[in-house]
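K.L.:
Residues per chain are reported as follows:
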Amino acid sequence: MREFFDMGGYAAFVWPAYAVTLAVVLLNIFWARRALARSCAEARRRLQMQGERR
Amino acid sequence: MNGREGRVAEAFPAAPGAALAVVTAAAADRSAPGATALEAARLALLRDLQLAFRKRGQLVQPLAFFAMVTLLFPLAISPELSRLRELAPAVLWIGALLGSLLALEFLFRDDAYDGTLEQYALSGQSLTALMFAKTFAHWLLTGLPLALMAPLAALSLGVATTALPGILLCVAVGTVALSLIGSIGAALTLGIKRSGALLSLLTLPLSLPVLIFGARATQLAVHGASLLAPLELLGALAVLGITLAPLAAAAAVRISLE
Amino acid sequence: MNWSWFHRLASPPHVYALAARLTPWFAWPAALCILAGLWGGLVLAPPDYQQGDGFRILYVHAPSAWMSLMVYVTMAVSAAVGLIWRIKVAHAVAASCAPIGASFTFAALVTGALWGQPMWGTYWEWDPRLTSELVLLFLYLGYMGLRAGIEDTQRADRASAVLAVVGVVNVPIIHYSVTWWNSLHQAPSVMRLAKPAMPLPMLVPLLLMLLGFTLFFVALLLVRLRGEVLARERAASWIREVVSA
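Protein chains in written order, with the working numbering: chain R, 1 to 54; chain D, 1001 to 1258; chain U, 2001 to 2245.
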């Protein structure tokens, strides 16, 4: 187990690389969902405003 | 034939506005569409040159900038000519690239502002040909002077006189490509306020091959070697630019004017 | 052959519903492939005889680099389709691609640098691949900057489409010139594993990761696409039902 984390001495490079990639993956998921939620809210707001105008 | 020649003679010394009228009027003359596109392009070119010479001060600005940049490097590094000679290709090309970028803002700005660009788009003439004409005028007014200045800058950096013709040639060819590439970015950012940084961000990545080949050619020239290989590549880029850039710029102008 | 399914892809409400339905079909397989790839790459694959366990960065660097380029091409192709045939959905696809591609280009650069330090002794090396990745990042940033700078969505779509097409034509030219420049100065060779061909235990996890990331991209694209499609439909009635749900 310890050897696994040690990565043959390269731990200081391998694990940060994986961490950065994981961070980018998670960020993309969060970002995409947030963008969709925002667009829905925006569309809802627009419809509301149009409804009020009538 | 006489009628067209008469109009050309009219346009030449008169106000550029008259040239514009002829460009749009030439659309009515459908007897030889190819010829009118060339004619329109020629008139647009002359118009741009005439207008530029009225503001001679503005023409000098990119050259002054180039001179300043050439001055900055020795001050930042060392006055030793042997060291500067090694850096000369980089200094010359970075200066030319940045100077060319600076000058790009003037390519379409005035014409977009006073509606001339819109007239060009609506005139029924080939917008691609007109874009080429404008970009060629821009090169004559900025790129070519930069190329003529480059040997002087090179001399100040300790480059041997035998290298100077080669340097002039590659900067001349390179700035052709730079003007063409830059015209695309300038057309895309028309109407965006304070687009200087964005224009640089769009243009610089596309200009990198020109920088790479141009700097290499200059480096070979400085060392007295044959610069034919990178010069040919530089020429290829310029030809590619001439073929494709005006098309892209025309499309971008139409989009920006919508 | 009934092509109506293809023509319906230009219809925003259809695409919106389809994207919502398809997302899990890409998201879950993506997760599976990536987890399997990680297991294979980190645990099962033997260490490289030259780079030891350090080579395992390949399993995150290669997919990131692949993503950066694949997403750019997707972006350029869909932008071109939108420009030529004036299809709003195509422009929506292009807009969705940009942030995904840019972030993975960044990941490729960081993982590349982290791989470089143990291998070359320096965090940054101007080798052709890393330099090209850096230029690609600037191309993405320029694209996103242009979109952000133009307020009208339709104009932004069309202007950035021209930029994307010009960019994609330039990518091979830039890569060639950077490689040429690099070869002049005898720079150290690009990250390459010692063995001429990768043995299966090393190769299979890599392929799994590449596949997994590609599926992940499609899933992300589908999510973002829905938002972008919504933003381009001003007062269409189908939005009413969708949004109040």
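Hint data in this document are derived by calculation from the structure and do not stem from the laboratory.
All C-beta atoms, glycine included, are put in the ideal place defined by N, C-alpha and C.
Treat the hints with care, as some may be off.
Listed next, with one range per pair, are the computed distances between beta-carbon atoms [as the list claims (entries may be wrong)]:
(1) U:W2126 <-> D:R1194: 31 to 37 Å
(2) U:L2200 <-> R:W15: 43 to 49 Å
(3) D:L1148 <-> U:F2006: 42 to 48 Å
(4) D:G1124 <-> R:I29: 15 to 21 Å
(5) U:Y2123 <-> D:L1071: 50 to 56 Å
(6) D:G1057 <-> U:G2121: 24 to 30 Å
Each computed EDC-like pair below joins lysine to aspartate or glutamate, with the alpha-carbon atoms no more than 20 Å apart [claimed, not checked]:
(7) D:K1193 <-> D:E1258
(8) D:K1193 <-> U:E2151
(9) D:K1193 <-> U:E2233
(10) D:K1193 <-> D:D1114
(11) D:K1055 <-> D:D1114
(12) U:K2088 <-> D:D1110
(13) U:K2088 <-> U:E2151
(14) D:K1055 <-> D:E1105
(15) U:K2088 <-> R:E3
(16) D:K1193 <-> D:E1086
(17) D:K1193 <-> D:E1080
(18) U:K2088 <-> U:E2233
K.L.:
Next step is simple, just say for each hint if it's right about the structure.
P.N.:
Hints, verified against the model:
1. U:W2126 <-> D:R1194: 31 to 37 Å: Given a distance of about 32 Å, which is inside 31 to 37 Å, the answer is holds.
2. U:L2200 <-> R:W15: 43 to 49 Å: violated (26 Å)
3. D:L1148 <-> U:F2006: 42 to 48 Å: violated (57 Å)
4. D:G1124 <-> R:I29: 15 to 21 Å: The hint (15 to 21 Å, Cβ to Cβ) is violated, given that G1124 of chain D and I29 of chain R are roughly 51 Å apart.
5. U:Y2123 <-> D:L1071: 50 to 56 Å: At roughly 33 Å between Cβ atoms, L1071 of chain D and Y2123 of chain U fall outside 50 to 56 Å, so the hint is violated.
6. D:G1057 <-> U:G2121: 24 to 30 Å: violated (53 Å)
7. D:K1193 <-> D:E1258: holds (17 Å)
8. D:K1193 <-> U:E2151: Roughly 11 Å separates the two Cα atoms, so the pair holds.
9. D:K1193 <-> U:E2233: Violated - the C-alpha atoms of E2233 of chain U and K1193 of chain D are around 27 Å apart, more than 20 Å.
10. D:K1193 <-> D:D1114: holds (16 Å)
11. D:K1055 <-> D:D1114: It holds: about 16 Å lies between the C-alpha atoms, which stays within 20 Å.
12. U:K2088 <-> D:D1110: violated (32 Å)
13. U:K2088 <-> U:E2151: holds (16 Å)
14. D:K1055 <-> D:E1105: holds (15 Å)
15. U:K2088 <-> R:E3: violated (53 Å)
16. D:K1193 <-> D:E1086: violated (40 Å)
17. D:K1193 <-> D:E1080: violated (43 Å)
18. U:K2088 <-> U:E2233: Distance of about 9 Å is within 20 Å: holds.
The structure shown violates the earlier hints numbered 2, 3, 4, 5, 6, 9, 12, 15, 16, 17.
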